[in-house]
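Peer 1: Sequence:
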Amino acid sequence: MKAAAWAGAAAASQGRIMNKMNCILVTACIVLIAFCSSGYALRCYHCENSPSLCKTNSTCLATEDTCLQMKFGKLRTSSCWKASQCSMNDIAEFFQLDNFDFFCCQHDLCNEGAIPGLNKAAFSIASVLTMLWMLL
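First residue of the sequence shown? That's 1 in the UniProt record's numbering, and the numbers climb one at a time after it.
Do not rely on the hints blindly, as some may be mistaken.
[Unchecked claim] Derived pair list, reagent style DSBU-like, types lysine-lysine, alpha-carbon separation capped at 30 Å:
1. K71 with K55
2. K74 with K55
3. K82 with K55
4. K71 with K82
Hints were generated in silico from the structure; no laboratory data involved.
Predicted model, so just to flag it, every value in this text is computed and none were measured.
Can you build the whole structure from these sequences, using the hints too?
Peer 2: This is the structure in structure tokens:
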């Protein structure tokens, strides 16, 4: 009798573990699908040294996988860019600037608004905390 009860409890415990693993797997797949952008060309707003927000957009080249927006003084530049070069040093060197704000984003026409206050580090920390919460 005790062996049957133990086997039932073990099976129930294993079922809960499998349900939790399935939930994590489905969540990971959804995140990958949402953030993987293969098979289409990115569209970004494009303007140079404009005092106002861009209205013109363009289709990025296959090598450009990120939209960039920079603000220096009262002027803004928005364009297609490479994620691998989305750093303060790379942008400063390319545009020959030393005092500017910028952000990069990876979905269509995401570089139209003001420079956001939330940076990639804050988003990364929030993502890790969410995954830890799901595991507990």
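Peer 1: If a hint holds in the structure, say so; if it doesn't, say that too.
Peer 2: Hint-by-hint comparison with the structure:
Between K71 and K55 the CA atoms are separated by roughly 16 Å; this keeps the pair inside 30 Å, and the hint holds. Only pairs whose Cα atoms come within 30 Å are accepted, and K74 paired with K55 is accepted, the gap being roughly 17 Å. Restraint check for K82 and K55: the C-alpha separation of about 21 Å stays at or below 30 Å, so the hint holds. Between K71 and K82 the CA atoms are separated by roughly 18 Å; this keeps the pair inside 30 Å, and the hint holds.
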